[in-house]
Amino acid sequence: MMKRTGCCAFAALLLSLSIANADAHPHVWVTLHSEVLYSADGTMTGVRHAWTFDDMFSAYALQGIAHARKGQYTREELASLAEVNVTSLKEYDYFTYARADGKKLKFSDATDYWLEFKNAALTLHFTLPLKASATAKAMQIEIYDPTIFVDFEFAKDKPTLLSGAPPQCLITADLPHQPTPAEQLRLSQLDNVPLEASSTYGEIFANKILVKCP
Amino acid sequence: MLTAAAAILVIVAINPAWTQGTPFGAPHHDAGIMPQSGLMAWIFAKQAAFYRSLSGFIRASKDDGAAIWGLFGISFLYGVFHAVGPGHGKAVISSYLVANEETWRRGVVLSFVSAGLQSVVAIVVVAIAAVLLGATAKAIGLTVRVVETVSYVLVILIGLRLLFVKGRGFLIACRELISRPSGEATASSSGEANTVHRHDHGHNATTTRCEHSHDGGDAHHVHGHRGHDHHCHDHGDHDHDSHDHHASAWGHAHGPEPAELAGAGGWHRGLSTVIAVGLRPCSGAIIVLIFALAQDLFWTGTAATLIMGLGTAITVAAIATVAVSARTVASRIAKARSGFGMLLMRAIEVGAAGLIVAFGALLLGGYMASEQLWMFTG
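Quick note, the sequences are listed as chains Y and F, same order. Using the numbering used here, read the first sequence as starting at 45 and increasing by one per residue. Using the numbering used here, read the second sequence as starting at -8 and increasing by one per residue.
Hints in this document: simulated from the structure, not taken from any laboratory. Note that this is a predicted model, so its numbers are computed, not measured. Hints should not be assumed to be uniformly reliable.
Dumping the calculated DMTMM-like pairs for lysine to aspartate or glutamate here, alpha-carbon to alpha-carbon at most 25 Å [unchecked claim]: (1) F:Lys37 <-> Y:Glu120; (2) F:Lys129 <-> Y:Asp195; (3) F:Lys129 <-> Y:Glu120; (4) F:Lys129 <-> Y:Glu135; (5) F:Lys129 <-> Y:Asp137; (6) Y:Lys162 <-> F:Asp55; (7) F:Lys129 <-> Y:Glu127; (8) F:Lys129 <-> Y:Asp156; (9) Y:Lys252 <-> Y:Glu197; (10) F:Lys37 <-> Y:Glu227; (11) Y:Lys147 <-> Y:Asp201; (12) Y:Lys114 <-> F:Glu139; (13) F:Lys129 <-> Y:Glu247; (14) F:Lys37 <-> Y:Glu197; (15) Y:Lys162 <-> F:Glu92; (16) Y:Lys162 <-> F:Asp54.
Which chain F residues stay away from chain Y? Per the calculated CB distances, all over 10 Å, these [as the list claims (entries may be wrong)]: (17) Leu68; (18) Ile278; (19) Phe282; (20) Trp290.
Here a beta-carbon is modelled for each residue, glycine too, at the ideal position from N, C-alpha and C.
Please take these sequences and the hints and turn them into a complete structure.
Written as structure tokens, this is what we have:
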């Protein structure tokens, strides 16, 4: 009995060592503004994002970038970094997923991208054109990192905008729900038991933009 | 019943913050699992909050001398909480201590040295790459990745070596247990051990055989390639120190000199583990340092990083102490029943060595998975 106790205590110790693994997931925080673009004929053509990175990540990304005036970066000085940003974002589908009445839509490569440095933070501006413009009664655009490495959060003021949409269309921003304890547990283990590349776990914490055109 | 109580005790001891409960006031769906996840959620949220408040404190400390104490306080707390996560070597160090029957004092020292080394590596990487060379985030990211990979591979190698050594110890204990009833236990066991001993010598000149004097030759520890792991309980073996000095190839290449770790019992035995664990800089510390550098506060960032390391050390040391205590309890119980008891201890050592390999592999795998850490910077 005593021996079994010691053994089990030990097993419990090892178990807790492996369970007790909370790490700083996410690692990068993004505050987002998104504009849903419509053409004159009333079809949706794409999304225009403005993503502001957290100040620490901004400083990190700016490390070693040549700039003429201390503490200031021009759009031109940041052009190569913006290029790197959108190129690597492409691998992650720009973390942007759109559905027209439930049907998945595809985006082309980002265009009109540039970086802005303001208030100690970098903001990445880019446009995602739809491969084929679409119309729908309910358009849903979700922004999330499936692996929850990047934390996306709608900006406090005017997170979403409609541009050129028919007047009867209404846009709303749906915040992700607070994780339940079970979800938190999974989140806390992400570094040890990472999600597979194909996983869509982060979807349950998506920031949702809804455009309803009755 | 007893076992369950012991298990709960151990978990509570490891997670002192358990009593804090869930901060979100989220409902508990299942009483059995939720306290754990509630705690994890709490740690998770706290440490993210501490991390995110660091930048504000660093910026404030520029104009306000008092803010620097806030920064140091938050850095310390961040270190304490963050170290609960992987990559800070608590699991590797704990397993190492268990596999090698180390004392808690050594556990604490190894924890502090490895955490200190982690901070120093982060500072050195940023000082050289960012301050001196003006390297980009991409270059620094690549450097960290290389260092990380080396660290994880070293962990795996240390684990494999321990697994090999402890696996033999286990097999020998097994054989002795079988041959014991034959009445010629002593003769046969020393015969076995000598065979192994000679065999080892064939591969490796530094191998030493140790005997447990209290156990009538019950278990022979067969020691492997590198001397710093030799640990006979009651030894007065003069050769050890000279072995140790030449043996730790990794240690002498990069790490603190043995003298820095010196204590009564020759602290340098755990050097390779400390280096393997300590090599890996925390990416959070690197980002904090670069942020501080961008504010012309590199020295403030350096101090904050060292304090973070102190916090990390305390968490790792606490967990290591629990691991060592659990091992001591188990070995006390095992000694009460020689034979199977010793076999059990050898089995625990083999298990702990196997865990080091597993942790190393997990970390290496985790590193592959977290490649996107640098996604926005290439």
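Evaluated hints:
no.	hint	in the structure
1	F:Lys37 <-> Y:Glu120	38 Å, violated
2	F:Lys129 <-> Y:Asp195	21 Å, holds
3	F:Lys129 <-> Y:Glu120	19 Å, holds
4	F:Lys129 <-> Y:Glu135	17 Å, holds
5	F:Lys129 <-> Y:Asp137	21 Å, holds
6	Y:Lys162 <-> F:Asp55	23 Å, holds
7	F:Lys129 <-> Y:Glu127	13 Å, holds
8	F:Lys129 <-> Y:Asp156	23 Å, holds
9	Y:Lys252 <-> Y:Glu197	10 Å, holds
10	F:Lys37 <-> Y:Glu227	16 Å, holds
11	Y:Lys147 <-> Y:Asp201	30 Å, violated
12	Y:Lys114 <-> F:Glu139	32 Å, violated
13	F:Lys129 <-> Y:Glu247	29 Å, violated
14	F:Lys37 <-> Y:Glu197	18 Å, holds
15	Y:Lys162 <-> F:Glu92	56 Å, violated
16	Y:Lys162 <-> F:Asp54	20 Å, holds
17	Leu68	13 Å, holds
18	Ile278	5 Å, violated
19	Phe282	4 Å, violated
20	Trp290	16 Å, holds
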